[in-house]
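Chemist: Start from chain A and add chains B and C according to the hints.
Chains as they are written, first to last, in this note's numbering: chain A, 1 to 267; chain B, 1 to 267; chain C, 1 to 267.
It is possible that part of the hints are untrue.
Copies of the same chain look alike in the list, so a pair counts if it works inside one copy or between any two.
EDC-like mimics (lysine to aspartate or glutamate), calculated; alpha carbons at most 20 Å apart, straight line [said to hold, decoys possible]:
1) K14 <-> E237
2) K142 <-> D190
3) K14 <-> E42
4) K169 <-> D195
5) K77 <-> E112
6) K142 <-> E33
Hints listed in this document are in silico derivations from the structure and should not be mistaken for laboratory results.
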Amino acid sequence: MRRIITLLTDFGTKDYFVAEMKAVILSINPNVEIVDITHEVEKYNILNASFILACAYKWFPKGTVHVVVVDPGVGTKRRAIVVESKNYYFVGPDNGVLMMASLRDGIKRVVEITNKKYMLERISTTFHGRDIFAPVAAYISKGVDLSDIGREINDYIVPEFVEPQIVDKRTIIGKIIHIDSFGNLITNIDRSILDKLNVSYGHHLEVRLRNKVIRVPFLPSYGYVKKGEFLALIDSEDFLEIAVNQGNASKILNAKINDTIEVQIVE
Amino acid sequence: MRRIITLLTDFGTKDYFVAEMKAVILSINPNVEIVDITHEVEKYNILNASFILACAYKWFPKGTVHVVVVDPGVGTKRRAIVVESKNYYFVGPDNGVLMMASLRDGIKRVVEITNKKYMLERISTTFHGRDIFAPVAAYISKGVDLSDIGREINDYIVPEFVEPQIVDKRTIIGKIIHIDSFGNLITNIDRSILDKLNVSYGHHLEVRLRNKVIRVPFLPSYGYVKKGEFLALIDSEDFLEIAVNQGNASKILNAKINDTIEVQIVE
Amino acid sequence: MRRIITLLTDFGTKDYFVAEMKAVILSINPNVEIVDITHEVEKYNILNASFILACAYKWFPKGTVHVVVVDPGVGTKRRAIVVESKNYYFVGPDNGVLMMASLRDGIKRVVEITNKKYMLERISTTFHGRDIFAPVAAYISKGVDLSDIGREINDYIVPEFVEPQIVDKRTIIGKIIHIDSFGNLITNIDRSILDKLNVSYGHHLEVRLRNKVIRVPFLPSYGYVKKGEFLALIDSEDFLEIAVNQGNASKILNAKINDTIEVQIVE
Chain A
1 MRRIITLLTD FGTKDYFVAE MKAVILSINP NVEIVDITHE VEKYNILNAS
51 FILACAYKWF PKGTVHVVVV DPGVGTKRRA IVVESKNYYF VGPDNGVLMM
101 ASLRDGIKRV VEITNKKYML ERISTTFHGR DIFAPVAAYI SKGVDLSDIG
151 REINDYIVPE FVEPQIVDKR TIIGKIIHID SFGNLITNID RSILDKLNVS
201 YGHHLEVRLR NKVIRVPFLP SYGYVKKGEF LALIDSEDFL EIAVNQGNAS
251 KILNAKINDT IEVQIVE
Chain B
1 MRRIITLLTD FGTKDYFVAE MKAVILSINP NVEIVDITHE VEKYNILNAS
51 FILACAYKWF PKGTVHVVVV DPGVGTKRRA IVVESKNYYF VGPDNGVLMM
101 ASLRDGIKRV VEITNKKYML ERISTTFHGR DIFAPVAAYI SKGVDLSDIG
151 REINDYIVPE FVEPQIVDKR TIIGKIIHID SFGNLITNID RSILDKLNVS
201 YGHHLEVRLR NKVIRVPFLP SYGYVKKGEF LALIDSEDFL EIAVNQGNAS
251 KILNAKINDT IEVQIVE
Chain C
1 MRRIITLLTD FGTKDYFVAE MKAVILSINP NVEIVDITHE VEKYNILNAS
51 FILACAYKWF PKGTVHVVVV DPGVGTKRRA IVVESKNYYF VGPDNGVLMM
101 ASLRDGIKRV VEITNKKYML ERISTTFHGR DIFAPVAAYI SKGVDLSDIG
151 REINDYIVPE FVEPQIVDKR TIIGKIIHID SFGNLITNID RSILDKLNVS
201 YGHHLEVRLR NKVIRVPFLP SYGYVKKGEF LALIDSEDFL EIAVNQGNAS
251 KILNAKINDT IEVQIVE
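Just chain A, with the same shape it has in the complex:
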């Protein structure tokens, strides 16, 4: 069966960076299928990349190798790692970017990439995506075992993930963790929290964000309100989302990633 390697970077698509990674991968394993997750992660934003990876990784077939290069520390002493989780491999810098997904899937082992046999012969100081991560991913997709790639480590970096707080039976404080290309605001408040507080369709939520307060209905999908109206819904990744039907909630509210959001159930 044809293995899949995914790529997730902040490289953009106007340069030769992504193509060179693909070239290196296909030179080592011509039979692999490469899928771009996105290359438009906010530059240097490790948290944004973490979240996108944590959403996307699990939809791929078991054994998929996910490569993430959001790597402001490239060429310094930061280590290069591979995570083997229950169902996947994650390849990237040891700066925490792989951890949200890896922890959700369940970490089996983490190795530091040290075996030069699985890197390009000449390693640049600024593009380990091409010179280290791409070839290592390609070799893993060909069946190379992690024990051959480097030694197991336990002191890899795990960022602190901010969890939402349930303040009382009607109030939750969370964060905006992603704004999608439609301007929808995705929070870190997941379905289970809303279930716990017995929120159901038809309820209204009072949302406080950047000194603004809006009252929005909680509904199954965008088309349940008129064009231009706000609503709250559970998004396709099971997070609470604030949206405007056929509009851009982010622009209207001037909301940014990492903003605090307070949600009150007002019925």
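Modeler: For chains B and C alone, kept in the frame of chain A given last:
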């Protein structure tokens, strides 16, 4: 032979949406070839998506499955459909977006997607691209027959496509139906209309658009006028196009999709 | 073995252009692997495309067919060519865009594309990417010999590539030849020139650009200076690069492609 599935959406490329659709497709049919048409359809713009699909679909090998997700009604009562046309399959929402292409190719049958066997187990209310359209397309690419996917329907939505009018022997009134990334203005006036009015290279056209009048030569291609000069030409999809050699006609004229354009042959 | 065709254009990704090229290629050779280098070359900028190709081409497996369509002269008398170099094929317009890469790899022969057998039946005047270059590339990937595609020519266009000047033992005058999506300024001053002048890590460079003078350390990678600080480094393609750690050098200096840059070694 390896089947092709194409994707055409308004999702943009900065999120995990497109990747999740690909992940679902490759999980069901690892041997399919996925080709992006574009993910930068103007948000919610069904007409824009229709036009792009109607241009692109016919260049693909027979049997290609085209998936279109421009779907402001997701999660409401709008139906999900598959069109089998003479040479292709079209999968998407029943909001008219598939019809310009389907009608041009010739519709054989339309089925409403109802068989849950060909959807993901858990269906979100906001992302049928991943949960319904992607798996259905993957199963069609594996040979599943439409009769197994749902019942045939005849009351699918067909939008009204505005046709250009021939006012007199020298005058045509049409619309701007697309503006490409070069800023070229593509009209709904096709080659056959110009042929009917005996327009040929070297003729001049007087173009009225947004209260501006410009006089432009009708020529085979951009390089026949100097850099920065206007011309009219037949584009690669056989539509009349107003362009500026190495410039951006859309910006200069402040033209928008759906603008009325009057074309007069002045010789 | 599966052959690779790469695509490099200024088409953007919002239209149907790239998809139609892929459709044509896959109709002729369903077993080819298509890799996008980028479609965001600055519109009509042959030099920018040349540079990106010259960086990317060499990372692909031998035998890869590189198609480049930055083609303001489409539909005029400019010729269509294929270059066979030591390890690759290059397909595109005869406007110089293929030459930086071809010359670096070593040209074996150049043929003018004339055999209509390897083009689409109907050839538009504005989209030879789809009607000529894509099918020719697909046929080459299937093993068609260049001698069958057209006659060998020797008068193909070779642009003048501006080389950097070594003014004295401490001074180099070069050009900005690329600005990447991070805003890093890539110059045409390559590693060998810096080696010749004995520049090594820890040295400082005085950089003159657009009437500004900045003094920057020469270091292995971005993370060696604080966030927001300038540095000079050798980039992953062996060119001298001026960058800001986690910042955008291009915006701060208001630098543009083709700007002259004077570099003085101040130790």
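Chemist: Next, verify each hint and record whether it holds.
Modeler: Here is what the structure says about each hint:
1. In this homomeric assembly, K14 and E237 come within 20 Å of each other (Cα to Cα) only across copies, at 16 Å, whereas the closest approach inside a single copy is 29 Å.
2. Taking the closest pair of Cα atoms, K142 and D190 never come within 20 Å of each other, the shortest separation being 37 Å inside a single copy and 35 Å across copies.
3. Proximity of K14 and E42 under a CA criterion of 20 Å is satisfied in both settings, with 15 Å inside one chain copy and 9 Å between copies.
4. Proximity of K169 to D195 under the C-alpha cut-off of 20 Å is restricted to the intra-copy arrangement: shortest distance 11 Å within a copy versus 68 Å between copies.
5. Taking the shortest Cα distances, K77 and E112 sit within 20 Å of each other inside one copy (12 Å), while across copies they are farther apart (51 Å).
6. Both within a single protomer and between protomers do K142 and E33 lie at most 20 Å apart by alpha-carbon distance, with minima of 12 Å and 18 Å respectively.
Checked against the numbered hints above, the structure breaks only hint 2 and satisfies the rest.
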